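For chain A, the structure is supplied; the task is to place chain B on it using the hints.
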Amino acid sequence: MAAKVFGDLRNFNQERIVLVVTLLIFATSSIFLPGFVAADNLVAIVRSVSVLGILALGMSLVIIGRGIDLSMVAVMAMSVALYLQLLNGGQSEGIALALALGFVLAIGLLNGFLVAYADVPAIFVTLASGSFVFGYVRSQLIDTDAVTVPAGHWLLGLGGLRIAEVPIEVYIFAVLSVVVFLFLRFTKWGRYIFFAGDNPAAARNTGIPVRPMLVLRYVLSALTAFAAGLLTAASLQSINTRVVNSNLLYDIVLVAVIGGIGLSGGKGGVRNVLVGAALIGIMLNAMTILDIPLIYQNLIKSTILLFAIIVDGLINPRDEQTAQQGDI
Amino acid sequence: MNMFKTAAIAASLALATAAVHPAAAQDSGPEIYAKAMAGKRVLLVPMAMGFDLAQGWSAILKREVEGFGGTFETRDPNWSVEAGAQAITEAISSDSKPDVLIVMSPDLNSYSKLMKRAQQAGIYVILVDNPANFQADAYVGSDWTELGRLEAEAVIKGCGPDSSKKIGLVQGDQVNATSLFQYAGIMEVLAKNPDFEVVAQPDSNWDATTSRNVTTTMLQQHPEICGIIDFWDGDATGAAAAIRDAGMTDQVYLVTTGGGEETTDCKLLQDGTFDAVVSTELVNESEAMVAMIKYLLQTGVEPGSQPAYLYTLLSTITKDNMHARSCWSLKALQVAAGIE
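Each protein sequence line maps, in turn, to chains A and B. If you use this note's numbering, the first sequence closes out at 328, no skipped numbers anywhere. If you use this note's numbering, the second sequence closes out at 340, no skipped numbers anywhere.
One chain only, chain A, in its complex shape:
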């Protein structure tokens, strides 16, 4: 009986479950929380998850190709800290930016090379490179946890920029979402990512340049991390490298995975990131309006996530056909 009910819901995949949960929370909050549906608050919700969403876009490119990039938060914070430190030390804009970008590219290439050509599992490579990036930059190149944006720098202007009273991060998140969507959907290399993620061996046999593409994905995720870092610094007028120790990294993976991008690769897209980001953003906003202490917020957040995963497990049971090797 139960099996039949769940059978009818077979189309109800994780993305849709999360979407329904999101809509339910949204509807409930709209009715019961004063000021929740105000335009300002809706903008604030999107803005609060913009940086997280941008990071999740980069992460999802890697995950769809059956990888993971645990160095993203370190790259985000440390590359921007390095950039600002150079500026504060009197370097010219061009040199500082070139050095920071070069640093980001180098880390992306190193991650990609080790995963693609040295065949080291991505989880170890990026875990190590993330620690290395943090440790090296923190101990050798910058003096304090927080590095401020120098006065009069263009990042300050960017941080204060509003178009129709909507902060610039929101637009950048939107534009990047469209770019990643177009890349995944309409370019040859974008489509190849799904093949490579679904079955790397078969993709390689058909002549897809699996390894160079792998390197590209890690470079792209490093670049997205740099962009996210710049936006954070623009808004806060400084970057605090302490964020590397926070649970931001888990939140990034969470946004991707809760939206329905399988860690086993080959599945998902931008839509999943948007759904995941919407759930997190709405949930956090509603709980803040309700003035729920942080400890309870984490409890509620994890309970809802667990609920979504359990429902998904009941509706879409794993079996030999759906399970893949490398499934986490």
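It is worth saying that the hints were derived from the structure and are not from the lab. It should be emphasised that the depicted structure is a prediction, and the values quoted were computed from it without experimental measurement. Cβ atoms here follow ideal geometry from the backbone N, Cα and C, with glycine treated the same way. It cannot be assumed that every hint is accurate.
Going by beta-carbon spacing under 7 angstroms, a handful of chain B positions derived as facing chain A [said to hold, decoys possible]: (1) G50; (2) P202; (3) V214; (4) T237.
Chain B in isolation, oriented as in the chain A frame:
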């Protein structure tokens, strides 16, 4: 005969001189001091080395400890409670164990047992800045409840009698003593000013982005707010960004607390990012630690037997009362200590 006379006069003269200036050649103080202090090891274990307070303490302590011929070392747990515990454990069991251990405790309980063990091993333990459930040889730092009271008074003054009298708090978390005690102090003052009301009190988890997001929501839900207290200058830049974004810089009075470092506090007061900072006066705090170290090492009391609280004098700095010595410069301290 003559010669004997001369010698007798010379001898009595010499005696007389000695009697007039008996101590000129032998102040025993420096010797006692040097004997007690030379070669002593002082170890500082803050929550992390990468922020103004830890770097300020370390710059002053380094100069002072090396000045009396001791060795000064730091460990950097980088905000990890486990790494800090490991650093303390290693210090207790190592061959070159420290004589004085200075700990900035991440919460009330995590290190209590370890610090007790350190005292049993003959190490003096000084708690700095963050209180813990433990009888340290000295607690040196702020009375956080008093600090909360001062913050509340600053925000009441900043809002003024004709304002909405609605206040928002951006707390740190629900485990750190500094957060809990600040809250208690604030509430105590507000209880005496019943017309002032706290309308929202989210946590920032000491993170600037979170502080910005919760403050944005707070300002949208309560656009009439006249003042906000953020529990740490490290994340109050986030609350300030939210206020700036909402175009409410003139309306909302932002109070926070910090160690009074030039670039993190006074500069931000000057440019209007913060309106008031309750400063823990780091330089005085560090000198109190130095005094305690010298006292403990010389008296040789049994570790843990005579606990003392050395609360530093707190001051509320605003743009108007700021003067040349309100803040200290980390750069200058580091140059003085010979730290690159």
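Violated constraints from the hint list, given by number and in increasing order: Violated hints: none; all satisfied.
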